[in-house]
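A.B. asks: Sequence:
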Amino acid sequence: MKNYLKPFVTMSLAIALGVLSNPAFAADPFRSSNPRNIDDQTEAVFRAMFQEGDYVKAQELLDQGTATDPMAYAMQSALAFTDEDYDRLEENANLTLSSAEALLDSDPLRGNLYMAVGNFLQGAHALLEEGTVRGTPTALQKLQQVFSYMNAAEKVNAADPELNLIKGYMDLMLAVNLPFADPNQAIERFESYAAPEYLSERGIAIAYRDLDEQDQAMDAVDRAIAAAPNNPELLYLKAQILVQQEKDQESLTFFDQALARQSQLPDNSVEQIAWERCRAQGRAENKERNCSREVDQWMDENR
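Adding 833 to a residue's 1-based position in the sequence shown gives its number in our numbering.
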């Protein structure tokens, strides 16, 4: 569950934002019409995290501001998750909820979306802090509330690209953890309504990867990389898909390109990429490798 929470938290729950149409403000990355109000700094954090894949820059930008938009708190929760700082995750999940509640009257779409965000984050916190056995009742209760608020947002505008991006990633998360969920629903949302492209195509690539339809996954990740060529997480995803295609030697190029941007990523992400690279190299060379030892040494030398 934990491995799949990362892309959902950092890509789907922290992306409900919009900006003024005034040229003094950045463009809404979701909507070509009816953009929402949000400050330039929050938009810059969004692009740093999701377009550039630069978590360090995103945190630095957040630390500079005093934004009270729910997006800022969701971003902080996402970064706390990657840092495994679960107290900070819980604190910002609660702030996401309180600031979302304040939006319900003036912007019911975003207000309900952020209520879903906050409840999901609280459920994730329960699982992470209390474990599966003790945390599941709370998580399931929160999941029911997530569905309720998402449905309320959908009643406002079922074709909203932001809503469909979030629900698409939710469908992916559920498809991995619940037997009745179908990743094809996520693909349909991503293809029909979701934006921006570097996130919707990334979602499509993940869905096809998990369906073991690797050619379609490769097509999607290539489109995502074309839209965000410097994002190390997209390069890492392409390496994973190549591994699934049994192209271990070819995958090393993209593992290396992702690791070349290690300064942008959390240490635990870098360690995971390095470990998968080591495993791929071992298969490519048909050699046994002690990847745990090699990665520990590599991390000591490169961080």
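FYI, nobody ran anything at the bench for these hints, they're computed from the structure.
Any given hint might turn out to be false.
[Said to hold, decoys possible] Now the in silico label distances, taken between C-beta atoms and shown as ranges:
| no. | residue 1 | residue 2 | range |
| --- | --- | --- | --- |
| 1 | Asn927 | Glu1079 | 43 to 49 Å |
| 2 | Gln974 | Val1009 | 46 to 52 Å |
| 3 | Val1009 | Ala1059 | 25 to 31 Å |
| 4 | Asn1010 | Val889 | 37 to 43 Å |
| 5 | Phe980 | Met1132 | 38 to 44 Å |
| 6 | Ser1025 | Val889 | 44 to 50 Å |
| 7 | Ala1117 | Asn990 | 47 to 53 Å |
Using N, Cα and C, we set each Cβ at its ideal position, and we do this for glycine too.
A.B. asks: None of the hints should be skipped; say for each whether it holds.
C.D. replies: Hints, one by one, checked against the model:
no.	hint	result
1	Asn927 to Glu1079: 43 to 49 Å	46 Å, holds
2	Gln974 to Val1009: 46 to 52 Å	20 Å, violated
3	Val1009 to Ala1059: 25 to 31 Å	27 Å, holds
4	Asn1010 to Val889: 37 to 43 Å	30 Å, violated
5	Phe980 to Met1132: 38 to 44 Å	40 Å, holds
6	Ser1025 to Val889: 44 to 50 Å	34 Å, violated
7	Ala1117 to Asn990: 47 to 53 Å	48 Å, holds
Hint check: violations occur at hints 2, 4 and 6; the rest are consistent with the structure.
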